[in-house]
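Protein chains in written order, with my numbering: chain A, 228 to 871; chain B, 48 to 531; chain C, 5 to 127.
Hints are all accurate, no fakes.
In the EDC-like style, the derived pairs of lysine to aspartate or glutamate whose C-alpha atoms are separated by at most 20 Å in a straight line are:
#  : chain 1 : residue 1 : chain 2 : residue 2
1  : B       : K152      : B       : D86
2  : A       : K393      : B       : D486
3  : A       : K393      : A       : E797
4  : C       : K68       : C       : D80
5  : B       : K417      : A       : D390
6  : B       : K201      : B       : E157
7  : C       : K120      : B       : E157
8  : B       : K83       : B       : E157
9  : B       : K349      : B       : E151
10 : A       : K725      : A       : D307
11 : A       : K386      : A       : E797
12 : A       : K386      : B       : D486
13 : C       : K121      : B       : E157
14 : B       : K417      : B       : D486
15 : B       : K485      : A       : D390
16 : B       : K417      : A       : D335
17 : A       : K386      : A       : D535
18 : A       : K787      : A       : D535
19 : A       : K385      : B       : D486
20 : A       : K607      : A       : D682
21 : A       : K607      : A       : E678
22 : A       : K607      : A       : E684
23 : A       : K725      : A       : E746
24 : B       : K349      : B       : E407
Because the hints were derived from the structure by calculation, they are not lab data.
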Amino acid sequence: MLKYILIPLLPLLSFIINILFGRNYIKNRAHWIAVPAILGSFVLAVSACIEVLNGKVIDINVYSWIVSGSFNVSVGILIDQLTAVMLMVVTSIGSLIFIYSVGYMHGDKGYYRFFAYLSLFIFSMLTLVMANNFLIMYLGWEAVGLCSYFLIGFWFHKKSAGDAGKKAFIVNRFGDFGFGLGVILIFLTFGSLNYMEVFGAAGGIVGQTITLLGYKVDLITLICLLLFCGAMGKSAQFPFHVWLPDAMEGPTPVSALIHAATMVTAGVFMVARCNTLFSYSQTAMNTVAIVGGFTAIFAATIALVQNDIKRVIAYSTVSQLGYMFLALGVGAYSAGVFHLYTHAFFKALLFLGSGSVIHALHHAKQDDEQNMQVMGGLKKHMPITYWVFILATLSITGIPFLSGFFSKDEILWQTFQAGDLGKFLWFLGALAALLTAFYSWRLIYLTFHGEYRGDTECESRIHESPLVITIPLMLLAVGAVAAGWVGIPPVFLEHGDKIGYFLAPVLGHPEGHGTHAQEYFVIASSIFVAIAGWVIAYIMYIKNPGLPEKLFSAFRPVHKVLFNKYYIDEFYDKTIVQPVLKASDKIILAFDVNVIEGVVNGVPSLIGVFSKGLRKIQTGLLSNYAAVMAIGVLCVVGYMFFMR
Amino acid sequence: MDLPITITLMDIRAIVPELTLICVGLIIMLLDLVVKKKDLVALAGIAGTVLALFGTYKLYGVTDTQFVFSNMFVLDGYANFFKVIFYINLILTICISIKYMEIEKSSFGEYYALLLFATSGMMIMASAADLIVLYLGLELMALSTYILTGLMRKQPRSNEAAIKYFFLGAFSSAFLLYGISLTYGMTGTTNIKEIAFAISTLGIADNPIMYLGLIFMIVAFSFKVALAPFHMWAPDVYEGAPTSITAFMSVGPKAAGFAVMGRILMGAFGDMQAQWVTVLIPLAVLTMATGSIIALSQTNIKRMLAYSSIAHAGYILLGIIAGTPEGLTASVNYLMIYTFMNIGAFAIVIMLRSKGFQGENLDDYKGLAKSHPVAAALMLIFMFSLAGIPPTAGFIGKFYVFMELIGSGYTPLAIIAIIFSAISAFFYLRIVVYMYMKDAEQEIVLTQSPTMNIALAVTSVMVLVLGIFPSFLLYFVRYSIMGY
Amino acid sequence: MPGTYIPTDYFPVLVILLIASAIGLGALVAGILVRPRRPYAQKLTPYESGNPPIGEPRSQFSVKFYIIAMLFVVFDVEAVFMYPWAVAYDKLGIFGFVEMMLFMFILLIGYIYVWKKGAFNWE
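Kindly produce the complete structure, drawing on both the sequences and the hints.
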């Protein structure tokens with residue numbers, strides 16, 4: 228048992244040591260504690276996964292936190308097939324990113340702080356995935372949000388970083404509020420928070436309704452929608468997606484680990500974990516599928532025209548998360564989790580690769596540069612980075628026999644099979660795949676091909692990143708290519724869909740109605756859009772570099788809308804943020820600190836008036852005190868005899 | 048002629064911990080005459096406490112319940128558990144005092160001796176099986192704390208506090224004695240067990256004189272634990288006393304007061320439960336209201352914590368109101384948790400006191416997180432715990448008290464308590480906001496010492512550990528009080 | 005049996021209490037009613053035919069007087085306690101002897117303490 232507990236505890240230990248002694252003693256040696264800790268977690272996670280592969284499911288209550296009569300909240304670990312996959316993703320990619328950070332963050336003032344927060348994040352994430360009840364999951368859920376807030380605002384002297392951190396925090400509050408309500412509703416409905424007990428009893432409440440504001444609402448649908456609300460916030464689904472691109476203000480390893488590979492997939496994990504509940508509510512399932520499908524294409528269109536290298540990848544992440552929800556929504560839970568798993572590799576690779584580019588340019592220009600329009604021609608200076616980027620891009624765009632192909636194809640095929648709504652959603656997904664191919668190759672061409680668009684003196688100083696950065700890149704590239712080979716569709720290889728069968732005990736295995744011919748059609752169309760997007764990007768940015776400008780001027784309004792991300796931020800600003808600001812301006816003078824202070828000082832101000840009145844009794848005069856005591860005694864005696 | 052009193056070896060053995068503390072106290076007074084460095088005296092105090100703790104450990108569970116000194120002194124799990132609270136309180140207080148008393152220029156050896164005497168008084172109170180012994184212990188504790196309060200002789204604030212405490216304390220002692228004499232008049236005994244027996248055999252539970260005796264005793268204990276409206280002394284005394292003594296007083300005498308309250312109300316006046324619950328419920332509500340509401344408008348942190356401790360006395364009382372052994376267990380559990388979190392908070396307050404800087408205003412906490420992140424983080428833990436926010440121990444303490452209260456059928460009272468608990472969260476969190484979201488107005492220098500760091504480490508770790516693993520303390524309390 | 009004789013047995017006490025207060029109050033009230041009242045400035049001075057007082061009527065004594073007084077009380081009580089012990093010494097036996105020695109030992113510590121603290125030094 229200790230073995231399983233140590234998986235999350237090792238990073239926690241690293242956090243405690245670094246945060247306590249980092250500032251004065253450890254300083255630039257923080258990685259000597261953090262890296263072994265995560266590697267230890269990784270090794271333990273692998274051994275736990277081997278046990279799960281051998282058919283063991285670990286479900287233990289470590290201890291009871293609160294026991295009082297029938298009320299029992301325990302801290303427990305559940306390592307089943309789903310958790311095993313998540314454990315592998317979190318610890319393996321976490322390890323690589325820790326090593327990468329040693330090089331990337333070298334010389335930063337907050338080096339120890341960075342590793343401390345990163346370790347805390349890993350601990351929280353592992354708590355989230357290893358929980359065996361909703362309460363512990365909720366604690367992990369909130370804790371990863373907090374770490375994300377710390378890490379986005381890591382360079383707090385940059386105002387934009389602080390703002391982005393706050394934005395992420397506040398947007399997530401909306402989602403988490405729903406999630407919290409969902410958990411409370413689960414407790415009220417089932418009287419327990421333990422997964423097994425809740426899922427076991429879920430069948431019994433199908434069809435029950437509760438009255439909400441005069442409407443009869445299906446209970447299980449309400450629970451699922453509240454839970455999904457949390458998932459939308461954490462996984463940046465429309466309309467809560469606005470925080471994720473801004474979160475790119477954080478250091479790049481953070482973007483790779485938290486905002487691509489792990490934390491943002493927590494929503495997908497949670498819905499997959501609660502698949503028993505969701506399966507009972509068609510309304511909730513359709514909501515998940517539609518939100519996912521819409522977000523997939525919506526975010527992809529924005530990514531087409533962004534110039535900041537990390538923002539393109541960020542919108543790509545939002546879009547890919549949309550794919551995962553699409554899969555969950557059509558009941559193909561294992562396909563969604565499979566995509567989560569492959570996506571973690573190629574997306575982390577894309578982020579770390581862009582980090583490598585930013586790192587190299589930072590050294591060359593002594594300034595941060597993330598604008599692709601002033602890059603170009605980096606291929607010859609950074610060959611390793613270039614080639615891993617190519618591999619990641621091939622994978623994400625769905626070129627056959629790379630990871631991304633298998634998982635994305637599985638999603639599209641399962642969607643295609645799922646009725647009429649499925650056909651429509653499949654079309655959205657395929658279209659999004661076309662856009663994905665286009666913006667991914669656009670990124671490559673703008674960054675690595677052509678001539679360097681900065682000054683030449685600067686160009687001479689650009690060189691490949693050190694080994695500590697490139698080795699994790701190469702290892703991730705292996706994952707980006709091969710991670711998907713555990714899920715080869717049966718049409719290609721008998722018993723190829725190993726991950727699907729592995730996850731089947733938890734997530735079920737959807738029986739498709741589609742024919743082989745249809746499946747070949749779906750695969751062929753996926754390959755077609757992937758190549759089509761590539762070709763269009765090639766024509767626009769290599770063959771005919773003047774074309775984009777012409778197109779932009781021809782479709783100026785469209786370009787403008789896309790470039791400004793559909794004005795969603797402005798919309799929120801006008802409808803929510805500004806009115807709140809104005810209102811708060813009138814009540815209290817500024818936003819920021821004052822809102823919180825307003826709650827702390829404002830709400831009790833009414834009580835405060837009362838309080839000041841009462842305070843006058845406290846005169847400081849001894850005789851008055853004695854008098855109050857005497858009167859008190861008389862009152863008590865009088866009361867007692869009166870009540871008798 | 049036979050001696051009316053015989054003292055056996057068993058009797059002596061039962062009071063070894065008390066004797067140890069008193070002897071060490073006397074030694075300290077003599078040691079103080081020859082030793083110049085007061086740190087050594089303090090360490091002798093800690094050593095004596097550890098010795099006494101060892102004695103109590105040896106006596107734990109020797110027999111189930113042992114009456115000695117002609118049934119005047121009792122040794123049971125209940126008393127022993129309270130003694131552990133007193134030891135912890137004493138050791139932590141000594142740890143946070145050493146450097147502080149030097150800064151206050153009041154580093155006297157007597158300080159530590161008096162702390163030991165006060166603690167032995169509390170221990171006698173916890174073990175008292177007779178009202179006269181109880182009074183003896185109470186006065187030993189009270190007289191020592193009066194002097195400790197006024198120890199900063201050059202400060203008018205400290206003198207004023209001591210005088211107020213002394214006079215009002217004498218006033219409350221008068222009530223206690225009057226209550227004892229009325230009870231004696233009615234039952235013919237001062238022994239707790241015999242009083243209970245007399246009440247049930249004579250059928251005098253509804254006698255008005257018994258009411259008066261009961262009320263006067265409750266009033267006296269309410270004074271000691273600072274229940275409203277008998278709390279008036281607390282803010283002034285807590286503010287004026289040396290901060291380390293404030294920490295000591297806000298835990299020790301309070302715990303001792305609850306110890307005797309639990310023993311006498313449940314032991315001697317068990318048959319009059321309906322009557323004392325009638326009195327205690329309004330007292331509890333008034334106490335929680337006074338503590339939570341007046342604390343909101345305080346600007347001095349010691350005063351704020353004084354009101355906070357008043358409010359906490361209200362929560363602890365709720366477990367006694369529940370009227371079951373489980374309720375009492377919840378209260379005692381709360382007291383132990385309260386010991387750690389309250390002394391921890393006071394330790395931070397003491398750290399802010401440096402030469403030429405009082406550090407008692409709430410404004411002094413502005414920007415602490417930037418200049419002293421560790422201290423701010425610790426204060427955050429203590430404030431969260433006092434406010435009762437999970438996963439800190441304070442939440443667990445409140446949770447069990449409220450659960451037991453609801454279990455005994457006092458749901459409305461529990462709801463009132465939760466509301467006041469929510470109100471009180473505001474003034475705790477205000478400190479957190481000041482520390483983390485405001486800019487410092489002046490540079491703060493923290494006064495650190497090794498013992499202080501130890502005390503802070505112990506309190507903060509315990510607050511977290513008891514919050515995350517609450518069951519082992521609860522098991523310990525249950526075992527002590529209910530024997531399983 | 006205790007608890008049965010409450011109201012009647014204490015009745016004489018109540019009567020005495022009432023009579024005592026009646027006499028005290030009665031004298032004062034009678035004085036107010038009977039005496040003539042003709043105040044003038046000279047009559048209201050503290051000493052009708054003497055000098056007006058100069059300075060505070062209360063004067064501070066040195067704290068040493070109090071210390072000496074307190075020490076006296078402590079050792080006085082010790083002596084009071086020892087007298088009955090000495091009278092009953094042969095009945096109390098070895099137990100009484102040990103008890104008294106302990107008592108005196110504790111006082112001895114107090115004595116050493118006071119001595120070393122310089123409470124006996126007048127200057």
